[in-house]
Amino acid sequence: MATYPRRGRRHPLAAIALLLIGLFASGGAYALFTGTATAADTVPPAAQVENGKALFAANCASCHGLSAEGTAAGPSLVGVGALAVEFQVGTGRMPMAGSGPQAEKKPVQFAQDEIDAMAAWVATLAPGPGLPDNRFLSGGNESNGAELFRVNCAMCHNVAGAGGALTEGKFAPNLHDIDPVHIYAAMVTGPQNMPVFSDMNITPEEKRDIIAYLKWMDENGSVGGLDLGALGPVSEGLFVWIFALGGLVAITIWLTAKSN
Amino acid sequence: MTVATKSKPARQSSGTGMRFVGGVANYLDERTSISTAVKALGRKIFPDHWSFMLGEIALYSFVIILLSGTFLTLFYDPSMTEVHYDGSYVPLKGIHMSAAYSSTLNITFDIRGGLLMRQVHHWAALLFVAAIGLHMLRVFFTGAFRKPREINWVVGFLLFIMAMAEGFTGYSLPDDLLSGNGLRIIDGMIKAVPGAGLWISYLLFGGEFPGDDVIPRLYMLHIMLLPAIVIALIAVHLVLLIVNKHTQFAGPGRTEENVVGSPILAVFAAKAGGFFFLVFGVTMLIASLVTINPIWSYGPYDPSPVSAGTQPDWYIGFADGMLRLIPSGWEFEVLGGTLSLNLIVPIVVLMVFLGLVAFYPFFEAWVTGDKREHHIAERPRNAPTRTAIGAAGVAFYAVLWAAASSDLIATHFRTTIEGVILTLQILLIVGPFIAFWLTKKMALALQRKDREVVLHGYESSRIVRLPGGEYREIHTPLDDFEKWRLVSFDEFEPIVLRPNDRGRITLSARAKASVSKFYFEDRIAPVTKPELESASQH
Numbered sequence: 001m002a003t004y005p006r007r008g009r010r011h012p013l014a015a016i017a018l019l020l021i022g023l024f025a026s027g028g029a030y031a032l033f034t035g036t037a038t039a040a041d042t043v044p045p046a047a048q049v050e051n052g053k054a055l056f057a058a059n060c061a062s063c064h065g066l067s068a069e070g071t072a073a074g075p076s077l078v079g080v081g082a083l084a085v086e087f088q089v090g091t092g093r094m095p096m097a098g099s100g101p102q103a104e105k106k107p108v109q110f111a112q113d114e115i116d117a118m119a120a121w122v123a124t125l126a127p128g129p130g131l132p133d134n135r136f137l138s139g140g141n142e143s144n145g146a147e148l149f150r151v152n153c154a155m156c157h158n159v160a161g162a163g164g165a166l167t168e169g170k171f172a173p174n175l176h177d178i179d180p181v182h183i184y185a186a187m188v189t190g191p192q193n194m195p196v197f198s199d200m201n202i203t204p205e206e207k208r209d210i211i212a213y214l215k216w217m218d219e220n221g222s223v224g225g226l227d228l229g230a231l232g233p234v235s236e237g238l239f240v241w242i243f244a245l246g247g248l249v250a251i252t253i254w255l256t257a258k259s260n
Numbered sequence: 001m002t003v004a005t006k007s008k009p010a011r012q013s014s015g016t017g018m019r020f021v022g023g024v025a026n027y028l029d030e031r032t033s034i035s036t037a038v039k040a041l042g043r044k045i046f047p048d049h050w051s052f053m054l055g056e057i058a059l060y061s062f063v064i065i066l067l068s069g070t071f072l073t074l075f076y077d078p079s080m081t082e083v084h085y086d087g088s089y090v091p092l093k094g095i096h097m098s099a100a101y102s103s104t105l106n107i108t109f110d111i112r113g114g115l116l117m118r119q120v121h122h123w124a125a126l127l128f129v130a131a132i133g134l135h136m137l138r139v140f141f142t143g144a145f146r147k148p149r150e151i152n153w154v155v156g157f158l159l160f161i162m163a164m165a166e167g168f169t170g171y172s173l174p175d176d177l178l179s180g181n182g183l184r185i186i187d188g189m190i191k192a193v194p195g196a197g198l199w200i201s202y203l204l205f206g207g208e209f210p211g212d213d214v215i216p217r218l219y220m221l222h223i224m225l226l227p228a229i230v231i232a233l234i235a236v237h238l239v240l241l242i243v244n245k246h247t248q249f250a251g252p253g254r255t256e257e258n259v260v261g262s263p264i265l266a267v268f269a270a271k272a273g274g275f276f277f278l279v280f281g282v283t284m285l286i287a288s289l290v291t292i293n294p295i296w297s298y299g300p301y302d303p304s305p306v307s308a309g310t311q312p313d314w315y316i317g318f319a320d321g322m323l324r325l326i327p328s329g330w331e332f333e334v335l336g337g338t339l340s341l342n343l344i345v346p347i348v349v350l351m352v353f354l355g356l357v358a359f360y361p362f363f364e365a366w367v368t369g370d371k372r373e374h375h376i377a378e379r380p381r382n383a384p385t386r387t388a389i390g391a392a393g394v395a396f397y398a399v400l401w402a403a404a405s406s407d408l409i410a411t412h413f414r415t416t417i418e419g420v421i422l423t424l425q426i427l428l429i430v431g432p433f434i435a436f437w438l439t440k441k442m443a444l445a446l447q448r449k450d451r452e453v454v455l456h457g458y459e460s461s462r463i464v465r466l467p468g469g470e471y472r473e474i475h476t477p478l479d480d481f482e483k484w485r486l487v488s489f490d491e492f493e494p495i496v497l498r499p500n501d502r503g504r505i506t507l508s509a510r511a512k513a514s515v516s517k518f519y520f521e522d523r524i525a526p527v528t529k530p531e532l533e534s535a536s537q538h
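Top to bottom, those sequences are chains V and Y.
Mapping to the working numbering: the first sequence position 36 is 36, numbers consecutive.
Mapping to the working numbering: the second sequence position 533 is 533, numbers consecutive.
Just chain Y, with the same shape it has in the complex:
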């Protein structure tokens, strides 16, 4: 009804266009009561900061993936039936291959727009996971995972895992040599599971690897089950985003109780819609100019050849890197079976790493004991220990990631592959500590600088001689807007270890106190009100 009444004055002043819109809106509203939802959602406020748009990149690239993927399903044949290739690509003419590979070649060479759509799909997929990764880093380093957003962090983490699973299943579908090699590595990892490995592998591949079941099964996962899970998780993620509201950076007029920004209707919707087309445009531009996954030059999958320089897509690279960094010879015969620690240890390390990422918000909440809601995003420097932990995690991941291209590093930088591996093995262990230490130092130094600037202003490099003969540099004070940004942040102090009401100090209290000390022992106190006032006196 709201929409209908609103359209009345418009009807008098404008022509049939507005009358038509009003009519349609009224028709819809009378049948669905949609205006209530539009009114509520339309007034939703979104704050403006470039880093808040990274999740949008992920969302829009997922839309691009859905659109281009739908095109590909029209022509792709998920079958491992053997055929002789008879398409336009000369170096594969007459070669035995699976129908899956042959149909992918046909999409590439014989279906109009097929190669472009394949490249759009694959580039958008790489972009999807990359944007999720960057979005996660933004959320982590600004503390946007704190109460009430811990659950949404976990939902986002699951999306990250699902995106990797989507990527890997899709990467395998063309049944080319490169992806077949990747699938073989997965098969090896599954078989390394003590006891059950062989059975799980036979179950997945329908017999001995590679069999002729795995492609249809991966196809089912790739186009049905996994997308359904991803869409459901995205829905939950967005609903929670609306329920929790978006975080914002500190600034004048921005409090824990409000959100300052633009409403969805029409400013934010227009911006977001425009941004969708920008993401689409960038993806199309790259897909039309740059090759991705040239499966035709890889040839059909055959278990015997393994190509040099075989790598997975970037988001699986960290797992491949872990396999490359494990020292050789970690295999033992136990009870007549082989215990492949060279595969089990990487699997365990990766699971622990991902587990730490998933549960970090709960860990930090336990350490701080902070039960308040946080809607103001923190600047990374104002949480030095968390930022340093994040940097250590990034360093660990980066070393694994680099290790996945150890052979290319060796050939392109003219060095030995053994040297690259050894360096990365050392860096994997030492690197996170260096990153932690450096980042924490930098964060504390930046905080100290902020404090200095707030209290004494910027050095203007103008030196004045006072009547008494003294020389002094003039400091330019900050304006209040700038000052607000620099002084408003929370301060935590290490928990003091106290006996509980039964007069005992429990083990968990001790643990908590020591972790709390680790987090908050080194800190720069925020500028206090009296300090500010006394600073403004002179």
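Chain V with its partners taken away, still in its complex shape:
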């Protein structure tokens, strides 16, 4: 069989060129999707802002007002910054499913570029906190983070991050498996009933340490076996009554049963 004149049809460097194109394409796409976090300081393109304004008018304005000035049903968003939008919309809390003690986490309602567009528009209304630099979202010292967490966060979120009750049906959510940007955003913007932890209070490096601690807990499961929801003595007490004592009582009944 005659060989195809392959060498004549394709340049010897074609494979390398293809590889390079592929790398650039995937790298570019990656940068496009994750680059939002570093794009805080860059000026957003006008088209994105316009898009954000339209999305806001369609989905948010009924409560927050057409120019985000706030209504009786929702607060003003002037000056909340892009980071607050990223947190509220990016965790699914906004738009709210219904009015209640507090907005609850639910499946995210928008694509990331739509969230970015709304964030960009809200950020044009007045200066406010923008997305953090990527270097504050990973790395960090777990033990310093753990200590800061105990001092600043544990009284509401529980020392193991299991969450806790607040007044009037409000609650501090559990902190397992949360996107680092959202942990950072929560500290900076103080959503719902959470106080704001400004950079004067907890520096960006310290925020990074807290994120590192929470991520460490996500990645390293419970060392002692089932953690029973990390709820402490209540679940342990229920477990001992139901399973340990319950099991042993079943055994006593078995031991004293008359044979058939």
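Derived by calculation from the structure, the hints in this document are not laboratory data.
Nothing here was measured: the structure is a model prediction, and the numbers come from that model.
For each residue, glycine too, the CB sits at the ideal point set by N, CA and C.
Honestly, I wouldn't trust all of these hints.
What the simulated footprint calls covered on chain V by chain Y, stretch by stretch (three residues with Cβ under 8 Å from a Cβ of chain Y suffice, anywhere in the stretch; the number is not a length) [stated by the list, open to error]:
| no. | segment |
| --- | --- |
| 1 | 13–24 |
| 2 | 129–137 |
| 3 | 164–171 |
| 4 | 229–237 |
Some chain V residues flagged as far from chain Y (calculated, every beta-carbon gap over 10 Å) [to be verified]:
| no. | residue |
| --- | --- |
| 5 | Gly79 |
| 6 | Gly90 |
| 7 | Val108 |
| 8 | Met194 |
| 9 | Ser198 |
| 10 | Thr256 |
Got chain V; can you put chain Y on it based on the hints?
What follows is chain Y alone, placed relative to chain V:
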């Protein structure tokens, strides 16, 4: 000597094994006369019922606690000296902490088998107190605390209190954030004692809370004083159990004078020994699969942070619940000091509750005026008022217990914490009355059903047409064994108020008569012999 003579025929028929056993037994007996004790104890009879084994669970879990606790003392350092942690647990590296916390972390992460032993110790401790609680309920609801066992009830009650004290002191030893918060609450309660509170607190903590004396002091209590008291009380409890004999449920051939069951040697001993290993096995299984008290995620104690969802171990939960249910603002300034009724009232309520539990047997003996010995355990339905009082107590305790987890109830059932607290406050007062009323009704109804079944048998749902055209359902009569169980119980009637020999009706007689009326006014009379005989005619 008995053992020696007994081993003689065995020597002829079997090999060196039996000869060795016989020899050892003889050697021991000649020096200690132990055979007398073995003979007496070995013939001791224990009746068979599942609920009679609950105390055993408590006893065996205490043995597990002793064994695992001994392991822990080898590596635990009861000191509040400040150290920098340098073990394997990353999120605490370089953190300031007490040597007590650091050594507990080392037991957990750097000593082979240490975490398992900690978990065995803690699970067994929770099981210990839980088994005591259930055992107490069994004794209460079957009237097994009546003469001659009132003293053993008090000994058992003291064991319950000591077990809680053991639990609380042990819970505090790791010096982690959670237990430190608990200790701070105790400190607050002590300081609320009018006048002396501050002094007692300074005495206990060796100065201002938390100081650096309290951990070594709790350690001394936890591993020396309290275990010694518990062991002594267990010994008294078991000796009294042997002296008083075990109760048994009514049945053919079982009287107030005998005990029907298996002898200690060898049936009961084999069963009990096997049961020990079952309790051990269950505890080990749970300890190897389920985390308890993950102190590493709580961090070292520091008086400033207080975590959400801070709770004590379950057996202190009722006290924590009482503190949570007291309305806020019960604090007054009196003579330049603060009168903390928000802490004093809970302490008093809890003491009164525990006091009622401890002295109930004497109260009931006073009401019934019953001086007879009781060795037949009662079925709860046959003492409706006592059972109802017990249910009211259980309801009161249960509400307090639930209140200790008010915040978790609020978050997990999506409701407001204020609503949970208010509901539980109302339930704490109303709940016991509802429980009393319902239980008494149920007990009386069950007694009525028993009476019906004894006299007329079970409905067989077989309907027969008689020659005269009448339809009748056939009732299957009970066999005599079943009948015995249902008809043999004591009946009490309210005391009739009569003047004493000086012709006067004293105040205490009046009180006794009215309490007696409260106890025995509503009752179902046991089936009498003539009734039984006439019932068997048709």
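Cross-check of the supplied hints:
Counting residues of the segment 13–24 of chain V whose CB falls under 8 Å from any CB of chain Y gives 0; the rule of at least 3 is not met. With a threshold of 8 Å between beta carbons, the proposed coverage of the segment 129–137 of chain V by chain Y is violated, since 0 of its residues qualify and at least three are required. Given as covered by chain Y, the segment 164–171 of chain V passes the check, having 7 residues with a CB less than 8 Å from a CB of that chain where 3 are the minimum. Given a C-beta distance limit of less than 8 Å, the hint that chain Y covers the segment 229–237 of chain V holds, as 7 residues qualify and 3 suffice.
The claim that glycine 79 of chain V is not at the interface with chain Y holds, since no C-beta of that chain comes within 10 Å of its own (minimum 30 Å). The Cβ of glycine 90 of chain V sits about 23 Å from the closest Cβ of chain Y, beyond the 10 Å cut-off, so the non-interface label holds. Every beta carbon of chain Y lies more than 10 Å from that of valine 108 of chain V, the smallest distance being close to 22 Å; the non-interface claim holds. Interface exclusion of methionine 194 of chain V from chain Y stands, the closest Cβ pair being 13 Å apart, more than 10 Å.
For serine 198 of chain V, the non-interface assignment is confirmed: its Cβ lies about 20 Å from the closest Cβ of chain Y, beyond the 10 Å cut-off. Not every Cβ of chain Y is farther than 10 Å from the Cβ of threonine 256 of chain V; the closest lies at roughly 5 Å, contradicting the non-interface assignment.
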